[in-house]
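Chemist: Chain A is fixed; fit chain B onto it per the hints.
One letter stands for each residue in the lines below.
2 protein chains.
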Amino acid sequence: MNANPILAEAMRGGIVESFHRGALAIVDADGRVHTRLGDIERPVFPRSAVKVLQALPLVASGAADRWRLNDEELALACASHGGEPRHAQTAASMLAKAGMDASVLECGTHWPYNDAALKTLAARGEAPGALHNNCSGKHAGFVCLGCLMAQGGDRRDFLGGYVKPDHPVMREVTAALQAATGYDLSRTAVGTDGCSIPTYAIPLRHLAHAFARVATGTGLSPDHARAAQRLRAAVAKAPFMVAGSGRLDTMLMERLGGRLFCKVGAEGVYCAALPELSLGVAIKIDDGNTARACEVVLAAVVERLLPLADADRAFVHGMSDLTLKNWNGIEVGRLRATGVLRHGDLPSP
Amino acid sequence: MNANPILAEAMRGGIVESFHRGALAIVDADGRVHTRLGDIERPVFPRSAVKVLQALPLVASGAADRWRLNDEELALACASHGGEPRHAQTAASMLAKAGMDASVLECGTHWPYNDAALKTLAARGEAPGALHNNCSGKHAGFVCLGCLMAQGGDRRDFLGGYVKPDHPVMREVTAALQAATGYDLSRTAVGTDGCSIPTYAIPLRHLAHAFARVATGTGLSPDHARAAQRLRAAVAKAPFMVAGSGRLDTMLMERLGGRLFCKVGAEGVYCAALPELSLGVAIKIDDGNTARACEVVLAAVVERLLPLADADRAFVHGMSDLTLKNWNGIEVGRLRATGVLRHGDLPSP
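Going down the list, the protein sequences come from chains A and B.
For the first sequence, position 222 (counting from the first letter as 1) is numbered 1132 according to our numbering, and the numbering increases by one without interruption.
For the second sequence, position 232 (counting from the first letter as 1) is numbered 1142 according to our numbering, and the numbering increases by one without interruption.
Isolated chain A (complex conformation) (with noise of 0.2 Å):
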């Protein structure tokens, strides 16, 4: 196996210090490869990347109008929320909207990744719960979906185990997952994620694709383009609620609105739709570090396809070229995306 480019380093002393390999591809609508950098064929779990993707049958099936679903509801069933209690409130809303509460969640209970919202509970005395998972809004989705597939039957008892592959809700997931993509789900591997569903090994060639066709509607049933463009929208109206308190989704998306949707996933993975360029994004840092080499890449993607104001480049930018700091705020070293995103075109097929 060829070894994938270096896209992010960690400089330290004006040298290297750490560096990051990984593969992207950019593809338009009809599945051209605008970009391909590093091994765009090899199956990777997308992780929380696909939230938008699993979320399609939320609005496709009608239950989002069945149980008045608004912008920020929508917004965080697509989300990777950081546990603010703003997220907790919203993903207990839409359990209340369908008639449920907390307790038929399936996602498990960690702490809140916003550290504010983590110390204040502690400070309290409190544990976290359920809501407070980053994937309660998705799984208070799943919720609403199967609330509305349960038709007459008794709701408790038709979401027991919605987070099995084999269940009603998750076969609807699954399925809007495998059309987006095009990709033969029934044949990759398949691994379970942080909140229990499955998670799909799907190449970043079929990511991306699958991304432009959220930007564009292009490929997808009717049904699962309109609803691609009203998750959009819901999030560019309401973007804290798709990440959070200084997170890069909700950074970028409340900057630059409708024109960029992206979403994190675990283990270095970052998907994006760019609708007014009808491309879509998909990135997987080899060793699996999101919160660090993958944003720097997301940014410096979106820096360099999107047309922006200065100073919308400017804000951009500070995201793809971070100073770092020590414990006493002495400049320590940058966090960058390396030249091969930067300089002259980026290749193409």
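Derived from the structure by calculation, the hints contain no laboratory data.
None of these values were measured; they are calculated from a predicted model.
Hints may be right or wrong, so weigh each one.
Heads up, simulated DSBU-like pairs for lysine-lysine below, C-alpha to C-alpha not over 35 Å straight-line [unchecked claim]:
no., chain 1, residue 1, chain 2, residue 2
1, A, K1235, B, K1074
2, A, K1029, B, K1029
3, A, K1235, A, K1147
4, B, K1235, B, K1147
5, B, K1074, B, K1235
6, B, K1007, B, K1074
7, B, K1007, B, K1029
8, A, K1007, A, K1147
9, B, K1007, A, K1235
10, B, K1235, A, K1235
11, A, K1029, A, K1007
12, A, K1074, A, K1029
13, B, K1147, B, K1074
14, B, K1235, A, K1007
15, B, K1147, B, K1029
16, A, K1235, A, K1029
17, A, K1029, B, K1235
18, B, K1074, B, K1029
19, B, K1007, B, K1235
20, A, K1074, B, K1235
21, A, K1235, B, K1029
Where chain B lies over chain A, by a calculated footprint (3+ residues, C-beta under 8 Å) [said to hold, decoys possible]:
no., stretch
22, 918-928
23, 1029-1040
24, 1106-1119
25, 1228-1238
Far from chain A, by Cβ distances over 10 Å, these chain B residues were calculated [as the list claims (entries may be wrong)]:
no., residue
26, G923
27, R1136
28, A1221
Ideal Cβ positions, reconstructed from N, Cα and C, are used throughout, including at glycine.
Modeler: For chain B alone, kept in the frame of chain A given last:
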């Protein structure tokens, strides 16, 4: 640049989800390379992995005797600790023995790395201080050394700026690092570490050689050789102090005692001394991942090199090949050292 070999991999759903490249040097006390994996000549910042070398002057100068430092305090001088109550108390005790307090520390402040210690502080509405900084023991050691060097002068005046490369304290510390590694630190890249002292870029081959010298005393001055032996013995007696609850360094040395001295550093660095084999080990993970990648690699090296009883081997193996569980406690994958560290002879020069 040829890519370094893959040393650790994270498995999910039966496939490799993410992987970590890096380099490994195992060197004997005469400087002969026992094992070379990847590029061991590239200078890398050793960060906290060389704290035992930086503590040599504390003992060799007579300061440790002058201030009657005990084993726990000497172990803390070599530590990247979790900021647990015993760590903070022990750092305070070192300072008090030299007539100082935490106000002289120049390491900066951060929340304890230990999760329970962080939540306890938060629950009390308290903020962390410099004693909770993972480097507070190392800095308390610098202060103890400086208080001896200040002789009749005003100690606080003398200590001011002790983190700077040209301060008499730091010059002593850097001289010890240069003597142990045999590498010309005046001609290499210098960065600023997280705790504001300089960190010098040194090839893994030289770092491993330094730890073989720590293991044996060979090639060190008699004072430094005695200091190395005393510091290793102190850590073997008080391994909790060098890291803390649930931390690899503490767990391995609690189990193996003086048969192993190992020390983690930031950005994916590990150094270790194996006295009974007269060998030193130095590892750098390319992407800087310490907690995940470098730990399993170090454990695999220990498992491979040290003759271990079955129970000890199983214990160490549990740290080089780990089960990964999700928020519901479901097994989702494995984290493990790769075959290059497992099968056949480790490659030699």
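Chemist: Give a verdict on every hint.
Modeler: Hint by hint, here is what the structure shows:
For the given pair, A:K1235 sits about 17 Å from B:K1074 by alpha-carbon distance, which is consistent with the 35 Å threshold. Among the hinted pairs, A:K1029 with B:K1029 is consistent with the structure: their alpha-carbon atoms are about 7 Å apart, no more than 35 Å. Taking the CA atoms of A:K1235 and A:K1147, the gap is near 33 Å; set against the 35 Å cutoff, the hint holds. Using a Cα cut-off of 35 Å, the hinted pair B:K1235 and B:K1147 holds, with the two alpha carbons roughly 33 Å apart.
For the given pair, B:K1074 sits about 44 Å from B:K1235 by alpha-carbon distance, which is inconsistent with the 35 Å threshold. Taking the CA atoms of B:K1007 and B:K1074, the gap is near 24 Å; set against the 35 Å cutoff, the hint holds. Taking the CA atoms of B:K1007 and B:K1029, the gap is about 30 Å. The hint holds against a cut of 35 Å. Between A:K1007 and A:K1147 the CA atoms are separated by roughly 21 Å; this keeps the pair inside 35 Å, and the hint holds.
Distance hint between B:K1007 and A:K1235 is fulfilled; the C-alpha atoms sit about 32 Å from each other, no more than 35 Å. For the suggested pair B:K1235 and A:K1235, the alpha carbons sit about 33 Å apart, so the restraint of at most 35 Å is met. The straight-line distance between the Cα atoms of A:K1029 and A:K1007 is roughly 30 Å, inside the 35 Å bound, and the hint therefore holds. Restraint check: the Cα-Cα separation between A:K1074 and A:K1029 comes to about 33 Å, which is no more than 35 Å; the hinted pair holds.
For a cut-off of 35 Å, the pair hint linking B:K1147 to B:K1074 stands: about 32 Å separates their Cα positions. A threshold of 35 Å between alpha carbons decides the hint, and for B:K1235 with A:K1007 the separation of about 32 Å falls inside it, so the pair holds. The straight-line distance between the Cα atoms of B:K1147 and B:K1029 is roughly 28 Å, inside the 35 Å bound, and the hint therefore holds. Between A:K1235 and A:K1029 the CA atoms are separated by roughly 23 Å; this keeps the pair inside 35 Å, and the hint holds.
At roughly 24 Å between alpha-carbon atoms, A:K1029 and B:K1235 fall within 35 Å of each other, so this suggested pair holds. At most 35 Å may separate the alpha-carbon atoms for a hinted pair to count; B:K1074 and B:K1029 meet this at roughly 33 Å. Using a Cα cut-off of 35 Å, the hinted pair B:K1007 and B:K1235 is violated, with the two alpha carbons roughly 45 Å apart. Distance hint between A:K1074 and B:K1235 is fulfilled; the C-alpha atoms sit about 17 Å from each other, no more than 35 Å.
Proposed proximity of A:K1235 and B:K1029 is supported: the alpha carbons are some 24 Å apart, at most 35 Å. Proximity of the stretch 918-928 of chain A to chain B, defined as three or more residues with a beta carbon under 8 Å from a beta carbon of that chain, is established by the 7 residues found. Residues of the stretch 1029-1040 of chain A with a Cβ under 8 Å from some Cβ of chain B number 4, which satisfies the need for three, so the listed coverage holds. With 3 residues having a Cβ less than 8 Å from any Cβ of chain B, the stretch 1106-1119 of chain A passes the three-residue criterion, so the hint holds.
With 3 residues carrying a beta carbon less than 8 Å from a beta carbon of chain B, the stretch 1228-1238 of chain A meets the three-residue requirement, and the given coverage holds. At roughly 3 Å, the least C-beta separation between B:G923 and chain A is not larger than 10 Å, which violates its mark as non-interface. With a cut of 10 Å on Cβ distances, B:R1136 stays outside the contact zone with chain A, its closest approach being about 32 Å. Every CB of chain A lies more than 10 Å from the CB of B:A1221, the least distance being 31 Å, so the non-interface label holds.
In the structure shown, a violation is registered for the earlier hints numbered 5, 19 and 26, in ascending order.
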